[in-house]
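A.B. asks: Residue-level listing of the chains:
Number of protein chains: 2
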Amino acid sequence: MNIVLLEPDDCQDALWIIQQPRQYQHIIQHLKLKVGEHLKVGIRNLARYLVEIKKIDHDKIWVEPIQKEFVPTKLPVTLIVALPRPKVLRRLVMDSVTLGVDKLILIHSYRVDKSYWQTPFLQQLDHYVTLGLEQAGDVYAPEIQLYQRFKPFVEDVLPQMIDIDKPAYLAHPYAEKPMPQAIGHACTVIIGPEGGFIPYEVDLMKKNGCQVYHLGNRILRTETAVSYLLGRLFA
Amino acid sequence: MNIVLLEPDDCQDALWIIQQPRQYQHIIQHLKLKVGEHLKVGIRNLARYLVEIKKIDHDKIWVEPIQKEFVPTKLPVTLIVALPRPKVLRRLVMDSVTLGVDKLILIHSYRVDKSYWQTPFLQQLDHYVTLGLEQAGDVYAPEIQLYQRFKPFVEDVLPQMIDIDKPAYLAHPYAEKPMPQAIGHACTVIIGPEGGFIPYEVDLMKKNGCQVYHLGNRILRTETAVSYLLGRLFA
Chain A
1 MNIVLLEPDD
11 CQDALWIIQQ
21 PRQYQHIIQH
31 LKLKVGEHLK
41 VGIRNLARYL
51 VEIKKIDHDK
61 IWVEPIQKEF
71 VPTKLPVTLI
81 VALPRPKVLR
91 RLVMDSVTLG
101 VDKLILIHSY
111 RVDKSYWQTP
121 FLQQLDHYVT
131 LGLEQAGDVY
141 APEIQLYQRF
151 KPFVEDVLPQ
161 MIDIDKPAYL
171 AHPYAEKPMP
181 QAIGHACTVI
191 IGPEGGFIPY
201 EVDLMKKNGC
211 QVYHLGNRIL
221 RTETAVSYLL
231 GRLFA
Chain B
236 MNIVLLEPDD
246 CQDALWIIQQ
256 PRQYQHIIQH
266 LKLKVGEHLK
276 VGIRNLARYL
286 VEIKKIDHDK
296 IWVEPIQKEF
306 VPTKLPVTLI
316 VALPRPKVLR
326 RLVMDSVTLG
336 VDKLILIHSY
346 RVDKSYWQTP
356 FLQQLDHYVT
366 LGLEQAGDVY
376 APEIQLYQRF
386 KPFVEDVLPQ
396 MIDIDKPAYL
406 AHPYAEKPMP
416 QAIGHACTVI
426 IGPEGGFIPY
436 EVDLMKKNGC
446 QVYHLGNRIL
456 RTETAVSYLL
466 GRLFA
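Just so you know, the protein sequences line up as chains A and B, in that order. First residue of the first sequence: 1, per my numbering; consecutive thereafter. First residue of the second sequence: 236, per my numbering; consecutive thereafter.
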């Protein structure tokens, strides 16, 4: 973690409290910080500070803010991904947040195993968002939405997200044209499941306003495709 | 896996043999293929084919080549990475191979835990290369080199890899200028360990011909940085 993300409730008094065991252990055992040393801290959805450690006991650390710090900006992107298997989901959420995705939407698709929607990880997305923010040094949690039905999402929700200033790009291995690069505007990007979207799904997304582009002639894992694509798109 | 990668020894006769349990199970249990159906197969470091399944027994599959297929080209990049912890190493090797890195070099650095060099995964790199090739649909294994001493590598080996047609770019969070994007030439890219290179290391790489660029103001995990950076660099 590159910052320690606190909840607003823990930052009400003059001294703020770090009391989550995961964070406490990171500071004491990994960073080996002592009273008087400095640390980067974020307050969820509010701001980021440099703080000084004032007191340490067996399970809490008290810190005092020294100065406000810059919070990195988000990428102007809505990322839509077919729900991956649970193990991949955790890293995908964490990575998307770390990379600065503004909004993340997980959708169903023909090749998404229905059991994936039952994974307990979907109840713990906040935890992976926190890990992603702490990695990036960010404090603003992106919005996350889930759509368990493909057709209503593509026909009713997706078209409202597309306009001339914010096109929707579908990454699909068999498209004719390559994905745009170093664009200077917002966009929505869509990445399919392992095995890809089926032709019916690609057609439905096209009909509802998506532009279809390939990402080269190598087939990437979902998580690899996300960071590769975001690196390609934004300057 | 998007192709099944075979060893040249298994492709000597008219019918080729698939006998690795991992590959056998993938074809039978996951793809559920039967005699007469088609499959994509690669022969390591040679070529890629569409094949037909001719015979299946309890632990082997015999296939016959139908036609030669296109093998995706590599990216003109040498990737140098500070050795990450073992769990990350596996995914990093797999992803680098999938993305088409031409040559991968793992080096030591001050913030690389010395125990990482003892991991059994370093003896199994070929396996992760195979997984990466099978994901990408590629058959050519990239060259992988290990350098356990930072200074001799940077002073003696690195300068010989740099010339005007192939510059070396070091990704470093506190650089002044952003990493180039959509370049039209080969390059070497260098990515530091968790916690970054120390100032002495950055200086030594600079002195030996590296250009230092940042990747934005978010701090990325090593694996995320690799795919983000490669997506950014190449058109």
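Wrong hints could be hidden among the right ones.
Subject to a maximum C-alpha distance of 30 Å in a straight line, what follows is the list of computed DSSO-like cross-link-like pairs (lysine-lysine) [as the list claims (entries may be wrong)]:
1. B:401 with A:177
2. A:40 with B:275
3. B:322 with B:290
4. A:74 with B:322
5. A:206 with B:349
6. B:401 with A:32
7. A:177 with B:275
8. A:34 with B:349
9. A:114 with B:322
10. A:177 with B:349
11. A:103 with A:60
12. A:68 with B:412
13. A:114 with B:267
14. A:32 with B:275
15. B:267 with A:74
FYI, nobody ran anything at the bench for these hints, they're computed from the structure. Source: prediction; values computed, not measured.
A.B. asks: State the violated hints by number, sorted upward, taking the hints as numbered earlier in the document.
C.D. replies: Violated hints: 2, 3, 5, 6, 10, 11, 14 and 15; rest satisfied.
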